[in-house]
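For the record, the sequence lines run as chains F and C. As numbered in this note's numbering, residues 1 to 506 make up the first sequence, in order. As numbered in this note's numbering, residues 1 to 479 make up the second sequence, in order.
No lab work stands behind these hints: they were computed from the structure. Don't take each hint at face value.
Lysine to any residue pairs mimicking SDA-like chemistry, simulated, CA-CA at most 20 Å apart [unchecked claim]:
hint	chain 1	residue 1	chain 2	residue 2
1	C	Lys476	F	Gly68
2	F	Lys104	C	Pro366
3	C	Lys363	F	Val149
4	F	Lys69	C	Thr316
5	F	Lys295	F	Tyr157
6	F	Lys295	F	Ile156
7	F	Lys161	C	Tyr419
8	F	Lys104	C	Ala434
9	F	Lys69	C	Trp470
10	F	Lys69	C	Leu459
11	F	Lys161	C	Ala412
Listed below are the residues making up each chain.
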Amino acid sequence: MSGFPILSVMLAVPAVAAIACLFLSANGARWLALIATLIDLALGIMLWAQFDIGGAQWQFQEFHPLFGKFGYALGIDGFALLLIMLSVFLMPICIGASWVAIEKRVQEYMCAFLVTELLMIGTFAAQDLFLFYIFFEAGLIPMYLIIGVWGGANRIYASYKFFLYTLLGSVVMFIAMLWMAQFAHTTSIPQLLNTDFPVHVQTWLWLAFFASFAVKMPMWPFHTWLPDAHVQAPTAGSVILAGVLLKLGGYGFLRFSLPMFPEASAQLGWLIFGLSAVAVIYTSLVALVQSDMKKLIAYSSVAHMAIVTIGLFAFNRQGIEGAMMVMLGHGLVSGALFLCVGVIYDRLHTREIDRYGGLAINMPRYALFFMVFTIASVGLPGTSNFVGEFLSLAGVYQVSTWITFLCTTGIILGAAYMLYLYRRVVFGELTKDDVRAMPDLSLREIALLAPIAAAVLWMGVYPESFLAPMRNDVATLTARIDRAKPAGDSLPTAGHGPVATVEAAK
Amino acid sequence: MIASLLMTLPEEILGTAALLLMLVAAWGGPGATRAISWTSVAALVGAGIALFGAASSGGDAYDGLYRADAFAAFAKVLIYIASGVSILLAPNFFQRTAGDDLRPEYPVLILLSATGMGMMVSAGDLLTLYVGLELQSLAAYVLASFMRRDTRSAEAGLKYFVLGALASGILLYGISLVYGFSGTTLFSSIATAYGAGHSMGLTFGLVFVFAGLAFKISAVPFHMWTPDVYEGAPTPVTAFFASAPKVAAMAMAVRVAVEAMGPATDQWRQIVIFASLASIIFGAVAAIGQTNIKRLLAYSSINNVGFALVGLAAGTAEGVSAVLVYMTIYVAMTLGSFLIVLQMRDAEGQPVETIASLAGLSKTRPWLALGLATFMFSLAGIPPLFGFYAKFAVFWAAVNAGLFPFAVVGIAASVIGAYYYLRIVKTMYFDDAAPAFAPSEDRIEGGLIAVAALFVSPLGYLAIPLLGAWSLTAAKALF
Chain F
1 MSGFPILSVM LAVPAVAAIA CLFLSANGAR WLALIATLID LALGIMLWAQ FDIGGAQWQF
61 QEFHPLFGKF GYALGIDGFA LLLIMLSVFL MPICIGASWV AIEKRVQEYM CAFLVTELLM
121 IGTFAAQDLF LFYIFFEAGL IPMYLIIGVW GGANRIYASY KFFLYTLLGS VVMFIAMLWM
181 AQFAHTTSIP QLLNTDFPVH VQTWLWLAFF ASFAVKMPMW PFHTWLPDAH VQAPTAGSVI
241 LAGVLLKLGG YGFLRFSLPM FPEASAQLGW LIFGLSAVAV IYTSLVALVQ SDMKKLIAYS
301 SVAHMAIVTI GLFAFNRQGI EGAMMVMLGH GLVSGALFLC VGVIYDRLHT REIDRYGGLA
361 INMPRYALFF MVFTIASVGL PGTSNFVGEF LSLAGVYQVS TWITFLCTTG IILGAAYMLY
421 LYRRVVFGEL TKDDVRAMPD LSLREIALLA PIAAAVLWMG VYPESFLAPM RNDVATLTAR
481 IDRAKPAGDS LPTAGHGPVA TVEAAK
Chain C
1 MIASLLMTLP EEILGTAALL LMLVAAWGGP GATRAISWTS VAALVGAGIA LFGAASSGGD
61 AYDGLYRADA FAAFAKVLIY IASGVSILLA PNFFQRTAGD DLRPEYPVLI LLSATGMGMM
121 VSAGDLLTLY VGLELQSLAA YVLASFMRRD TRSAEAGLKY FVLGALASGI LLYGISLVYG
181 FSGTTLFSSI ATAYGAGHSM GLTFGLVFVF AGLAFKISAV PFHMWTPDVY EGAPTPVTAF
241 FASAPKVAAM AMAVRVAVEA MGPATDQWRQ IVIFASLASI IFGAVAAIGQ TNIKRLLAYS
301 SINNVGFALV GLAAGTAEGV SAVLVYMTIY VAMTLGSFLI VLQMRDAEGQ PVETIASLAG
361 LSKTRPWLAL GLATFMFSLA GIPPLFGFYA KFAVFWAAVN AGLFPFAVVG IAASVIGAYY
421 YLRIVKTMYF DDAAPAFAPS EDRIEGGLIA VAALFVSPLG YLAIPLLGAW SLTAAKALF
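Model the full structure from these sequences, guided by the hints.
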């Protein structure tokens, strides 16, 4: 299979399907979109199977000097592989979630989703600075349309806010990219990763990238577009927004800010830590008082993303691995939670928490799935988020005990708002007649939720499957940034006894 | 002499065709319009083919008065395409709107204007330049007031004429100063004079020449005529104004700046940077409040000229090449947008121009809406559409020329522009449907929209190697 341009094919499948969708009937577009996303999932599985763990850093490389000033360069490492897998895994589920919920303009909706998939895979696979920017930025157009056309009542305000907010962040990054390309005389990301930029310029470049990624992430206080966008977007739009698009910010920090500007990352780490600590506590408290389910989960996303950023800027292996695990885990769990909200929203057409109650009585299967994802979101051992949050916080502890202390309170608050939500929706008396009439999960809905639940438990029970592909990349990254590593305040000392249990069995 | 005639072959073809067709029009009357239109397009194609010969590589003709180089050829190709499209899209519009058929003078005037534009971009001497400019402008004034029964059209023509005359006066004043202090009107000799040392008179001349040029490309602060003329002129004429003369004036400005005043780059760069930033910011801010789509596109053209000037400000071959790439993509975007504006007409076939009438277009005419959305996102410079590459090329050149702070302000200001382009997409996609437009049967217009939309779609990136190499060859002809 060497020489088979699998990444290009993964881009081409949704591209062709997206155009074909416009010419089909509503039902035809649904099936075509499902088939195309499943083909991409199959290709993704093939990609993972053929990915040589421990092999070259960049694999499946393709390069064509098509565009004069920059090239069509694709290639993936372990980080990109896992995030591409997350995208192709969630995509068929999104199509399934919109199967009956979307009734108007189905063809265009499916087209927009397929284009989004294409752009997400492209963003993670791009190995050229400007190709990355094109994919990264182009995602705005389909998301703008998805929120604006198929969104809720206040969709127009939300779509503008989403578009202009993220555009402003991105153009600042674009300026920095122009400077970098001119300084390094290359636009190839692997080469730029080994370019040492002057320390005094790094700060500016770092801030420019920060402007873009902090908005995408989103970090407090740049998060205000997120609750609006989530509340107004259709269910599948929320899933893809929370599941994959938010990961673009974290991926950006991981791919650009840390390895390209290590000194600036260390100097400005306090900014990341400060904003993240505020985010964890503040947004968790805000989530506690929400009456709208989607808003609650949106705020919880901001809190979880803050755990990602502190992990990344811990400058050590645990922190970075943990950050990646939180990204993957959160992608699955928050996506699934939005699906859970979508399930009952489709039945009652309201997201008001108070309108529900006692669902455990008439919807036991639903209650079970919702429970799995709730405890996963809280970060109970055995679920994906536990692994990520534990590693992240363990990594940060070596740098700053205070930040760890503050952020750990967020875990407790997280348990508070999620369990409070679960209690109000699922437990209690079944008093309302329209709620009593709601049927339990259909087969289609089970088919959507079950794979995510399986993946969440897999990640929680055997995280090695997900840690292995990125182990070498984490090692490369930590070696690269080691020279700028900040001194920690925890002063850990080497243990004296045997520590056999920590070592993973080889 | 023969060599010079061969080098000016495209202008000879167009000029002769225009004069002959004028006679045909005089005898044939309105009935001959169709034949004249097609013959005019054929003449433009013929002139385009003639560019392959000595006209694109011959060098100096008529002792340096006229230059037949790759740069001129590049600009002329764009001018001829834009002029041809402007002729093709006219008959339907006039038939529906004015109630009577298109008068046969329309294609003739466009041919004359194209001849003038060819002279403008090929000028090697300030006097050739001025004659070409006036030929182009006089034809354009008549075109602006072509709907004689419509007061808005007459007003547009008059406004254009008065302000255009003022601009020509300013330019001529600058030319006379340059001549007075350098003793020549030939570009190459003027460059020697600027290189010889600082002279207050020459600097004044430079400022006035640039003011006149800014008028012609409608850069801020000399843009005031643009929205009024664009709104009042018949839509096919507006499409013409926004494309061909823009390219010609921009190419002329580049040639004057580089070839005649190259040694004084540091002096004119300040003017260009100011005009560029002012155009980008003013064009974007003023467009926000517009309710008429033609006015909005007028401000959009001001905004775009600002971006194209970024490449000129770089003052390098790379920058000039970026200007040419920018203008190529701009012509496709702007002609495409105006072609769609031409489809906007109510049930009786009368044109409507309010942005509000676009509401819900994505439901009533999905392909038309998709086309306009493509042009709007492209004009806003959002990747992956081709308009992004245009902006990328000019800012790349500016950064490479060391104008980093300038690029920062320009790029940041492009976000303001995104807002009003988004507003059109929002109106078409998010709002409830307004009364549908009358359906269009015209295959030519539909085909042209499709071609333009495909060019600015991501497929356009495939044209980059060709476009890049060709524009760089063209730009190097100036250095």
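Against the structure, test the hints numbered earlier, and report the numbers of the ones violated in rising order. Every hint satisfied by this model.
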